[in-house]
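Peer 1: Single-letter residue listing:
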Amino acid sequence: MSRPDLDPRTRKLADDAERLQRDTRLDAWRTPGRRRGLVLATLAALAGVAALAWLDRSVALLVALAAVAGLYVLLRRVVRGMADLPDAFVDERVRAMRNERYRYAYQVLSAVVMLLLLAGYIATDASRLAWQPEARHLHAAFWAVLGLSLALPSMLVAWGEREL
Amino acid sequence: VTPPRAPSHAAASESVHNRLVVLRAERGLSRQDLADALGVHYQTVGYLERGEYNPTLALALRISAYFALPVEAVFSLHPFTPMSAALYAGRDEPGGTR
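For the protein sequence lines, the chains are F and C, in the order given.
Each residue of the first sequence is one higher than the one before, starting from 1 at the first, in my numbering.
Each residue of the second sequence is one higher than the one before, starting from 1001 at the first, in my numbering.
It is possible that part of the hints are untrue.
[Said to hold, decoys possible] Computed beta-carbon distance windows for the label pairs:
hint : chain 1 : residue 1 : chain 2 : residue 2 : range
1    : C       : 1085      : F       : 100       : 33 to 43 Å
2    : C       : 1077      : F       : 113       : 35 to 45 Å
3    : C       : 1081      : F       : 110       : 45 to 55 Å
Derived from the structure by calculation, the hints contain no laboratory data.
If you're wondering where the values come from, they're calculated on a predicted model, not measured in any experiment.
Even for Gly, the Cβ is constructed at its ideal location relative to N, Cα and C.
Build out the structure end to end from the sequences listed, making use of the hints.
Peer 2: What follows is the structure, encoded as structure tokens:
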């Protein structure tokens, strides 16, 4: 689709979005089984990042973060950027579908954040629990929430869509 | 006369039937051709054809305009009669010639 009415920067974004949506090079990754495998791998990598941050293993944490970043880039391309392209560059069905996925993502993320806050609240009461959260524990929670907030919409699209 | 009111859950559960498969086949269009003409993703055409996605009014009107047909000829709240049955309805000998 040519868009002569757009300014050069927006036209480039539109062209990139169109290329992403017409991509066929990653079709081997777009089977339901492989998509779900990719989602599980991303979740496992995120759990690994949180665990390494919790254990304060800085070097291993950097490696795990690089793995999460790589998996996220692959996941985003597999779902053709449907979870995060601007509204103007996707059609009405994709907008409706991702609205629904974002609703689920919001619920899941809210539950995770609430559980973390609750755990922190209980843990800070030393009279009930002889354990105090340290910086590394907050670090682990930070990476877990950041990773989920970025990747969850794409994960839900990859998991639930019949065709991509 | 007051029109009958649809139940409140109708909008969520009502499926819209369409003749997109027949119309696209008649004109020898691929899904990508139709998608390009309508400005949608080619998989959206598949979702529409399978009845897994109900188009907005704007898209339904664009589709009808593309095929140069009234919107009720392309979309309906009731299943369409098969084209062959519609064409040959009332004829005693379906294989006969005029």
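Peer 1: Confirm or reject each hint.
Peer 2: Results for each hint:
no.	hint	result
1	C:1085 <-> F:100: 33 to 43 Å	holds (37 Å)
2	C:1077 <-> F:113: 35 to 45 Å	holds (43 Å)
3	C:1081 <-> F:110: 45 to 55 Å	holds (49 Å)
Hint compliance for this structure: every hint is met.
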